[in-house]
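J.: Residue strings, one per chain:
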Amino acid sequence: MSGLLAGFGPHAGFILASYGAAALILAGLTLAILRDHRAQKRALETLERRGAGRRSTRERS
Amino acid sequence: MARMMASLIDLANPTRFMRFSAALLPWLATAATLLILAGLYLAWFVAPADYQQGETIRIMFIHVPAAWLAMMFYSMMALSALGTLVWRHPLADVAQKAAAPIGACFALICLITGALWGKPMWGTYWVWDARLTSMLVLLLIYLGLIALWRVLDEPSRAARAVAILTLVGFVNVPIIKFSVDWWNTLHQPASVLRMGGATIHPSMLWPLLILAVGFTLFALALHMAAMRAEIMRRRVRTLTILEAERLDRLAAQGMPA
Chain S
1 MSGLLAGFGP HAGFILASYG AAALILAGLT LAILRDHRAQ KRALETLERR
51 GAGRRSTRER S
Chain C
1 MARMMASLID LANPTRFMRF SAALLPWLAT AATLLILAGL YLAWFVAPAD
51 YQQGETIRIM FIHVPAAWLA MMFYSMMALS ALGTLVWRHP LADVAQKAAA
101 PIGACFALIC LITGALWGKP MWGTYWVWDA RLTSMLVLLL IYLGLIALWR
151 VLDEPSRAAR AVAILTLVGF VNVPIIKFSV DWWNTLHQPA SVLRMGGATI
201 HPSMLWPLLI LAVGFTLFAL ALHMAAMRAE IMRRRVRTLT ILEAERLDRL
251 AAQGMPA
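Residue numbers (full-length UniProt numbering), protein chains in the order written: chain S, 1 to 61; chain C, 1 to 257.
Keep in mind that the hints were calculated from the coordinates and are not lab data.
This structure is a prediction, so every number in the text was calculated from the model and none was measured.
Ideal Cβ placement from N, Cα and C applies to all residues, glycine included.
One or more hints might be untrue.
No more than 25 Å apart at the CA atoms, straight line, and that leaves these computed lysine to any residue pairs for SDA-like [to be verified]: (1) C:119 with S:23; (2) S:41 with C:149; (3) C:177 with C:156; (4) C:177 with S:41; (5) S:41 with C:133; (6) S:41 with C:50; (7) S:41 with C:244; (8) S:41 with C:164; (9) C:119 with S:48; (10) S:41 with S:29; (11) S:41 with C:235; (12) C:177 with C:158; (13) C:119 with S:17; (14) S:41 with C:151; (15) S:41 with C:27; (16) S:41 with C:119; (17) C:119 with C:29; (18) C:177 with C:164.
Quick list of simulated restraints, FRET-style, between CB atoms [stated by the list, open to error]: (19) S:49 with C:140: 18 to 28 Å; (20) C:213 with S:48: 17 to 27 Å; (21) S:45 with C:156: 17 to 27 Å; (22) C:252 with S:24: 22 to 32 Å; (23) C:140 with S:39: 50 to 60 Å; (24) S:49 with C:26: 32 to 42 Å; (25) C:168 with S:50: 37 to 47 Å; (26) S:45 with C:51: 31 to 41 Å; (27) C:186 with S:48: 23 to 33 Å; (28) C:213 with S:27: 30 to 40 Å; (29) S:9 with C:183: 42 to 52 Å; (30) C:125 with S:51: 49 to 59 Å.
These stretches of chain S come out as covered by chain C in the derived footprint (C-beta under 8 Å, 3 or more residues) [to be verified]: (31) 13-26; (32) 31-38; (33) 41-52.
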């Protein structure tokens, strides 16, 4: 890491901060989307297990 | 052409989209990861320092793809807005809603990396230059659209309102692209997407293009996952309403649920 810092010269801080900020934002976005995907999948599975959306047999009879 | 249109219409069915996207997502994510890793290796260890900007040129490899993707996602949203307003297609609403946070994140990355590149090269993090300001306006439009989606509860009503605002905001995209030609800006003019070809040396152009394709595939994978989540959210909403109506009916008939 220190070799990379030295290789990037006097502006290494700006370069690493740029890559760090991009990685942080993209990681946050990916996590948020994956968590939302998992939450919706679970909610849908729960509703489908309960038979939501189907008419109950008692109601039909 | 007719066959292509027919298969596109087939894909636009939410159930088919869920099946197709489940199969495609792992491939898209893998291709994106490999391209980004290869691009980062070339950008950090192979591409030379610039004769004027020195090592700070390495910021370009994320700054430029982020700017392209921020504009590309807005253009995709404008196309989806047409799909919502002209054809009233529900998958167009879903595509538009899922794209906004992704485009906003790339606009934010573009602004942050631009500021961090500007300080050592221009001596300032920010100037009210036409390119920088129009990119900031793009981020604000994205945030406005995300807020509007959250304010309106009913998805189809929200979609139409957001679609109109998206099309109005699209005027900013050509302003961003041509701001460096129309006004005297501190930001440099285009050096890749320009008439007469790129002016960057291939040793820098290749890592840039590989990273741009890698980030594009990554963003498309995120978009697909976000669209899947949104389709499921709408099914959850519909099923919850149907269940509540069923329970209401049963309660009115005096039956246990």
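J.: Give a verdict on every hint.
T.: Cross-check of the supplied hints:
no.	hint	result
1	C:119 with S:23	holds, 20 Å
2	S:41 with C:149	holds, 21 Å
3	C:177 with C:156	violated, 32 Å
4	C:177 with S:41	violated, 39 Å
5	S:41 with C:133	violated, 40 Å
6	S:41 with C:50	violated, 48 Å
7	S:41 with C:244	holds, 20 Å
8	S:41 with C:164	violated, 30 Å
9	C:119 with S:48	violated, 55 Å
10	S:41 with S:29	holds, 18 Å
11	S:41 with C:235	holds, 10 Å
12	C:177 with C:158	violated, 29 Å
13	C:119 with S:17	holds, 12 Å
14	S:41 with C:151	holds, 24 Å
15	S:41 with C:27	holds, 21 Å
16	S:41 with C:119	violated, 45 Å
17	C:119 with C:29	violated, 34 Å
18	C:177 with C:164	holds, 22 Å
19	S:49 with C:140: 18 to 28 Å	violated, 43 Å
20	C:213 with S:48: 17 to 27 Å	violated, 38 Å
21	S:45 with C:156: 17 to 27 Å	holds, 25 Å
22	C:252 with S:24: 22 to 32 Å	violated, 53 Å
23	C:140 with S:39: 50 to 60 Å	violated, 28 Å
24	S:49 with C:26: 32 to 42 Å	violated, 26 Å
25	C:168 with S:50: 37 to 47 Å	holds, 43 Å
26	S:45 with C:51: 31 to 41 Å	violated, 58 Å
27	C:186 with S:48: 23 to 33 Å	violated, 56 Å
28	C:213 with S:27: 30 to 40 Å	violated, 20 Å
29	S:9 with C:183: 42 to 52 Å	violated, 32 Å
30	C:125 with S:51: 49 to 59 Å	holds, 57 Å
31	13-26	holds (count 9)
32	31-38	holds (count 5)
33	41-52	holds (count 7)
When held up to the earlier numbered hints, the structure conflicts with 3, 4, 5, 6, 8, 9, 12, 16, 17, 19, 20, 22, 23, 24, 26, 27, 28 and 29 and fits the remainder.
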